[in-house]
Amino acid sequence: MLSAVAAAGVTGCGGEPPLRVAVVWSGWELARFRDVLGGREAVVYSAGDNIAALLRNPVAPAATPDVAIVPRPGLVEDPAICARLRPVRSGDPAYWRDLLRCGPDDSVRGVWFKVAHKSLVWYRPEAVPLPPEDFEQWLEMCRRRALTSPPLAIGAADGWVLTDWFENVLVGIDRAAYRTLHEKDGDWASAPVREALTRLARLWSIENLLPGGGRRALVTQFHDSVLDVFRYGRADMLAAPDFAWPVIDRYRSPGRAAWRFPFPGPRGAPRPPVVAGGDAVVALDSGGERGVAFVEQLTGAGGIAGLESWAAAGGFLSLNGAVTHYPPAMRGLAAELAGEIEFDLSDRLTGALAGGDGQGLWQVLTDMFVAVTVDRTRADQAAGTAVAALKRLSEAAPS
Amino acid sequence: MTREGSFLFDVTPHHDLRAPARHRGQGRWGAWAHLLPAVVLAVVVLLAPLAATVVMSVTGAEGPAAYAGVVTDQDIWPALFHSAVWLALALVACGLGLAIAWLAGDAGPRSRMLLLIALATPAVTSPLTAGVAFRLIFDADPERGTVSALLRGGPLLLGPGWIWLVLGLAFVWQWTGLAFVVFHVGLANVPADLLRVTRIFGAGRFGRLRTVVIPALFPTSAVAMLVVLTAAVRVFDLVLIGAPGSVQAGVDVMGLFWWRHRDDLGDGRASAMAILLAAMASAVVVVVLWRLRRDWPRARHRPGDPAAPAPARPRRAVRVVTVAVAVVWAVPFAVLLLTSLRDPVAAATSGWWAGGYGPGSYGEAFDGGAFAAALGATAQRGVLVAVLVVLPAVPAAYALTPDQLPPRTRRVVAAVAVVLAVLPPQVLAVPLGDVLGAWLGGTVILSFVHAALVLPLGVLLLRNAFMSVPRPVVLRPLAQGRSALFQMTVESGPAVVTVAVLAFVTTWNDLVMGLLLNWPAADQAPLVLLQQAREFTTSAGVLAAQAVVLTAVPVLLLLATGRWLVQGLTRGVRR
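Line order of the protein sequences matches chains A and B. Our numbering applies: residue 1405 is where the first sequence begins, and numbers increase by one. Our numbering applies: residue 81 is where the second sequence begins, and numbers increase by one.
Quick caveat, the hints were computed from the structure, so don't treat them as lab data. Only a predicted model underlies this, so the values are computations on that prediction, with no experimental measurement involved. Incorrect hints may appear among the rest.
To be verified - Chain A residues, not near chain B, derived (Cβ > 10 Å throughout):
| # | residue |
| --- | --- |
| 1 | Gly1443 |
| 2 | Glu1530 |
| 3 | Ala1561 |
| 4 | Asp1562 |
| 5 | Ala1581 |
| 6 | Glu1587 |
| 7 | Asp1591 |
| 8 | Thr1624 |
| 9 | Asp1628 |
| 10 | Ile1708 |
| 11 | Ala1709 |
| 12 | Ala1716 |
| 13 | Glu1744 |
| 14 | Asp1761 |
| 15 | Gly1762 |
| 16 | Ala1792 |
To be verified - Here are the in silico distance ranges between beta carbons for each label pair:
| # | chain 1 | residue 1 | chain 2 | residue 2 | range |
| --- | --- | --- | --- | --- | --- |
| 17 | A | Arg1694 | B | Trp109 | 33 to 39 Å |
| 18 | A | Arg1501 | B | Leu639 | 48 to 54 Å |
| 19 | B | Pro144 | A | Ala1739 | 38 to 44 Å |
To be verified - Here are some of the chain B residues that sit facing chain A, going by a computed Cβ distance under 8 Å:
| # | residue |
| --- | --- |
| 20 | Thr139 |
| 21 | Gly234 |
| 22 | Leu236 |
| 23 | Asp423 |
| 24 | Thr429 |
| 25 | Gly448 |
| 26 | Phe616 |
Beta carbons: idealized from backbone N, C-alpha and C, even for Gly.
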């Protein structure tokens, strides 16, 4: 027994050990990633939301993986992480490629593997006969519908659901302001931010907006909100990224259709850009040249067959134009992501505004959600509190 | 104990069978040599990193003001308060265990055995499993959650505030059993003549409890309380999996807060916070277990004495209550098992009563081979840790018996062991990671860390058992100046098994150390579960299946070694 354990401990020394790949997915998505890898030899670990800690400041330096899937480019910009990453060749569109530049030479240190379209609202066509043209119309529609039954489902237990809401509203109001907020001196007390938060608070504070009310929404995760609409029919729509599709498809009631409309912008304004997110793959120093080769092979021409396997299963969009086998419900989305987009703001934040459960922007928006849905605070007042909190956090961020 | 109480204690007959020559033969150096392996392990893996963390806490950017910074930080206060609540809950679990044991004293042997199994099993499951089971039961959706289905339109039990009830119940469910096991044997052995004497002296029911029963339950109950308090200090995974993301900030404990905010706090404050948590834990155990500083009373062993007393005629009401308690305790396991036996889609969209049974969840649980590989790696580590704990703990416990080291030394060593037993891993993780970083890729080093964390408790448990070994067994080798280690170890077989099982189960269930130190290379099975839980509802079937597998191993171990475990845990009970 002991010798077996010892042997397991030293296999790292001889020959070429399989690469250690840390990913952010679990469950169904992790299984799809394994399909993408096909026969490649690699040990795949799920690091989940905590991958930042693993890359930035692993308690044990030797615990660092060789290749990692990074869920937000803010991590690549982090100097402590950037110093560990190797430059890689990327075939991504210029806007996307530039998001992954860092270091003294400003070289590209990652390639986009899976991108997400976050400006979508999925709905049941029998409950929503005519999709709204703009935010004002949507607000009115929700108000009217709420008199009889809850129109929306929001998975407020997951902070990123709320940040996606905020980003979609803000990018429609003032795209230029949206672009500067992730910078260190971003002005979080500016008028567009306040306006976006107020609009959001106004929508969220509609009486009977959510099945079970705000309290229940707080314990409703993203997948639960999908079930609320497409399984139990308790709500009519939910704002959710493209990767909601496989969940809808697997768990919806038999025969129930799922359609989508773009997240509505303000009345009279030009159509807002798409808010996009994504997971990039990076090669760490510990993996050496093998890690770099792995990244380039996974995302390059040689990896198309693997990418197609996940694309066909749904919930996967690639920037690689050669990937085409998307299910009907997801067609056209990948093309939109190569066009007018703004990258997910919360994924680019650093310092005290960043972070997951209980931290930064996530927590501020959760607090505002509680204020308007549970405590029934007035919309402008709740937005004011949120602005103050955001300002405080942005000033606390270490320079 | 009051003076009156100690008087009563002194009038009980007390045969002194100590060997006449106490420190002859192998001498004190020999005793120290016995202690050496355990001391080396504890110093390298526990004390040195602890010291390093203390140094870091006062040499950070702010200097010693880091402590003031932590104490005055408005965001840390709730976490500090929550940690204190968990420590209080540990005492509640122990009290409940005592109450049920008191009640079960009148039940028949069969109901008592039923209770024993039902209550003790949760203690060997991982907090992660407990979290999964309770989140399934209290799911806010009436289509899925058992309790929500029963109380349609009632409170949202996973929401802010109420979440405490769910997590608290999970904790009490897990740990009451351990206290019960110890107390129910202990209560049965409370000297009846002594009780009669106290009654004649006019002591009421409460007075008898205070002056006779509780002292008689020492020191075994102390070890049980130590285990439960340690679990309370290390609460981490239960919150992580049991509370939905949006309410987690409201139930953060110090250990979790430290893990989440280590980066923004800076080295100085993060270390200061870890030290404060350790200090709080030590303070509580020192207050609760104050008597551990003294030599524990020696137990006299009557060979052939059955652990359970001759049962009185069980009363029907008592039997009904006992069975009811056993049934309630079995509910979380039943829900877990039923959920695991359902198809993943059925498990995600409806409760266990809605049908849809099939093996699909188990299929998905093992899909890809990652979970099976993690189980293998975790089991291997568990076995190695069991060996690594028993080897140094046996001689160390022997060195702490009265014929070896002088009383003052023993007292100091025992006190240090008690404090080390409750150390939260957060206080060690950073220095350990820095120093062992280069080798942590191998599971072997991680095993030493696990071993060191279990070691203090192992030594205390074994010492209890060694002290209750009948004197005649060890008199001869001692009189001849030889070591009685072998005889004592053989006599205390059940306690050795208990320590090995404790080490294995702790390692098997560990999440925190794997997460802090060696993750993800650790390949620890509970980590696979935790990652699976990001979207709890749609993973319910798979999570339940993995939790059942994860629980099956320690439960089978418990059932296989149960008799020894009860003996091993209660050997030091004063008889």
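Each hint, compared with the structure:
1. Its beta-carbon lying about 14 Å from the closest one in chain B, Gly1443(A) satisfies the requirement of being farther than 10 Å from that chain.
2. In this structure Glu1530(A) is separated from chain B by more than 10 Å, as the shortest Cβ-Cβ distance comes to about 20 Å.
3. Chain B draws Ala1561(A) into its interface by the beta-carbon criterion, the shortest separation being 4 Å against a cut-off of 10 Å.
4. A cut-off of 10 Å between C-beta atoms contradicts the statement that Asp1562(A) is not in contact with chain B; the least separation is 6 Å.
5. Its beta-carbon lying about 26 Å from the closest one in chain B, Ala1581(A) satisfies the requirement of being farther than 10 Å from that chain.
6. Annotated as non-interface, Glu1587(A) keeps its C-beta farther than 10 Å from every C-beta of chain B; the closest such distance is 19 Å.
7. Non-interface status of Asp1591(A) relative to chain B is upheld: no Cβ of that chain comes within 10 Å, the nearest being about 22 Å off.
8. A beta-carbon of chain B comes within 10 Å of the beta-carbon of Thr1624(A); the shortest separation is about 7 Å.
9. Chain B draws Asp1628(A) into its interface by the beta-carbon criterion, the shortest separation being 5 Å against a cut-off of 10 Å.
10. In this structure Ile1708(A) is separated from chain B by more than 10 Å, as the shortest Cβ-Cβ distance comes to about 22 Å.
11. The beta carbon of Ala1709(A) is kept farther than 10 Å from every beta carbon of chain B, the shortest such distance being approximately 19 Å.
12. With a minimum CB-CB distance of about 18 Å to chain B, Ala1716(A) clears the 10 Å threshold, and the non-interface call stands.
13. Taking the minimum C-beta to C-beta distance to chain B, about 30 Å, the non-interface status of Glu1744(A) holds against the 10 Å cut.
14. Look at Asp1761(A): its CB is around 4 Å from the nearest CB on chain B, not clear of 10 Å, so calling it non-interface is violated.
15. A cut-off of 10 Å between C-beta atoms contradicts the statement that Gly1762(A) is not in contact with chain B; the least separation is 3 Å.
16. The beta carbon of Ala1792(A) is kept farther than 10 Å from every beta carbon of chain B, the shortest such distance being approximately 15 Å.
17. With their beta carbons about 54 Å apart, Arg1694(A) and Trp109(B) fall outside the hinted range of 33 to 39 Å.
18. Take Arg1501(A) and Leu639(B): their Cβ atoms lie about 59 Å apart, and the range 48 to 54 Å is violated.
19. Distance hint check: the CB atoms of Pro144(B) and Ala1739(A) are about 60 Å apart, inconsistent with the given range 38 to 44 Å.
20. Evaluation of the Thr139(B) hint against chain A yields a violated restraint, the C-beta minimum of about 18 Å exceeding 8 Å.
21. The criterion of a C-beta within 8 Å of any C-beta in chain A is not met by Gly234(B), whose closest approach is roughly 12 Å, and the hint is violated.
22. The interface hint given for Leu236(B) is met, as the beta carbon of that residue sits about 5 Å from the closest beta carbon of chain A, less than 8 Å.
23. The restraint placing Asp423(B) at the interface with chain A is violated, with a minimum CB-CB distance near 11 Å, outside the 8 Å limit.
24. For Thr429(B), the interface hint holds, the least distance from its beta-carbon to any beta-carbon of chain A being 5 Å, beneath 8 Å.
25. Taken as an interface hint, Gly448(B) checks out: its beta carbon lies about 5 Å from the nearest beta carbon of chain A, inside 8 Å.
26. Interface restraint check for Phe616(B): the shortest CB-CB distance to chain A comes to about 6 Å, inside 8 Å, so the restraint holds.
Going through the hint list in order, the structure does not satisfy hints 3, 4, 8, 9, 14, 15, 17, 18, 19, 20, 21, 23.
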